[in-house]
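Under the working numbering, the residue at position 382 of the first sequence is numbered 382, and the numbers go up by one with no gaps.
Don't take each hint at face value.
What the hints assert, rightly or not - Pairwise CB distance ranges (calculated):
hint, residue 1, residue 2, range
1, I34, L158, 14 to 24 Å
2, Q45, G68, 33 to 43 Å
3, L51, A268, 44 to 54 Å
4, N228, N25, 26 to 36 Å
5, S5, E96, 15 to 25 Å
6, A81, D227, 39 to 49 Å
7, K348, K32, 46 to 56 Å
8, A268, S115, 31 to 41 Å
9, N204, N307, 27 to 37 Å
Simulated from the structure, these hints should not be mistaken for lab results. Where is the CB? At the ideal position from N, CA and C, for every residue including glycine.
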Amino acid sequence: MLQVSQIIAEKERFIEGLKKRKFPNAEATLAKAIELDEMRKSSQQSLDANLAEANAIAKEIGALMKQGQHAEADKIKIRTAELKAQSKDLAEKKEEVEKELQTLLYTIPNIPHISVPFGASEEDNEVVKLVGEMPVLPESALPHWELIKQYDIIDFDLGIKITGAGFPVFKGKGARLQRALVNFFLDEATAAGFGEVQPPILVNEASGIATGQLPDKEGQMYFVNNDNLYLIPTAEVPITNLYRDVILNEDQLPVKHAGFTPCFRREAGSWGAHVRGLNRLHQFDKVEIVQICKPEDSYKALDGMCNHVAGLLEKLGLHYRILRLCGVDIGFTSALTYDFEVFSGAQKKWLEVSSVSNFETYQANRLKLRYKDSDKKTQLLHTLNGSALALPRIIAAILENNQDEHGIRIPEVLIPYTGFDRI
RNA sequence: AGAGGAGUGGCAGAGUGGUCGAAUGCGGCGGUCUUGAAAACCGUUGUACUGAAAGGUACCGGGGGUUCGAAUCCCUCCUCCUCUGCCA
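Could you build all of it, start to finish, from the sequences and the hints given here?
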């Protein structure tokens, strides 16, 4: 969530930024936020003045009672009745304005970083890096949804029976390959200084709001009605919320965490012929990296996280590219996002396997995540996160790209984890 | 899940209707003393909104209520502890 003080200080840049996102009525929306904030202040001031008078009278009554002057006390009580009624009105008005302001601020996305390109669609995402070679596969190469049947390693039909579409069952070497990747990713993250955590995979409403999934993407999360809990769409939610309502000391920064969790996404309305097999699931596994740092360090941190993800893909021998997302494709809460896509040889298409973002203070403002700087002033921190990595599409790419007449070759770095070199 | 108890500042812990944003101790910070350190002593030490400032307002688990006035009384929710039950 943007801060009104920021909006006032950098109005021109914010308007430009919102236009990059094709956000409608940028000027009017920001002006409205500033106006509502003014109203908030003035109604707060009237209410405070009212309460101050009531407090003064209450003290006076207390003093009179002590001296036994009950008649005198009763006399001033008349005024307090008026004040009480007024305070109630003023408080209601204040709450109304505050709520209206908050509702408005919830609708305003983060301001894109200066380097975010303008664009009309995902076609305009900027390719900033291309690494490796296109896999050369024989004509007979099969897409992963055929391979998994042939080798009996992932079973969609079984998942449909016990749960529903989009919940595959990993079997035998498929299950082992997935576990190998998880362990490999976690070991790499640990080596890079990301402290491992295992958070809950159900979260409450406050957590969903703080990282920005709520109220914006309510329908995308599974919800457990009986207990008012949401299944996480990404480990970003619980891990970042570890630091909700926290004031860190400068020497605790940066905070770096990695966590492995299943992720759950309803993906309502986003299904079609182009999302076969492992390309899109309701439940999938992912190792997430999260970083919290001082504002001046966050873009260096973003680069560091990108290098980490790039390193993983290189070790797995995958052909990949990095995209800088354009204004219309970048996520609601993000200021700058790099997507990583691997080439899936048999499908002949790029699959997104990671998204690394800097949220600047957008999440921190909702989280109330701050630190005391060298002047002992508390100020908002920057939050970042990225997938390192999402499993199913990596598996799809490995299966497709590494297939030959003898089966599927396991990447060298994974063999110590799988215990076999071929499926 | 049932019965009982409890939630107060970084921590411990007092406070059962007014002078309480809250005693006291510990911790933190600054200082005196010291070659230095420790001890001792003195001072200081929550967050947010608002205001140029002085100040004002709110916050004693969350929300609501009673009262001129609530940390204190009432309702409700949450969390923790003890006992009983159940369970990986």
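Verification of the hints:
1. Taking the beta carbon of each, I34 and L158 are about 56 Å apart, not inside 14 to 24 Å as hinted.
2. For the pair Q45 and G68, the beta carbons lie near 37 Å from each other, so the given range of 33 to 43 Å is met.
3. A hinted range of 44 to 54 Å for the beta carbons of L51 and A268 is consistent with their spacing of about 47 Å.
4. For N228 and N25, the hinted distance range of 26 to 36 Å is satisfied, since their beta carbons lie about 34 Å from each other.
5. Distance hint check for S5 and E96: the Cβ-Cβ separation is about 22 Å, which falls inside the suggested range of 15 to 25 Å.
6. Our hint of 39 to 49 Å for A81 and D227 holds, since their Cβ atoms are close to 44 Å apart.
7. Take K348 and K32: their Cβ atoms lie about 48 Å apart, and the range 46 to 56 Å holds.
8. One distance hint, 31 to 41 Å for the beta-carbon pair A268 and S115, holds here, with the actual separation near 32 Å.
9. Checked against the given bound of 27 to 37 Å, the beta carbons of N204 and N307, roughly 34 Å apart, stay inside it.
The structure fails hint 1 only (numbered hints given earlier).
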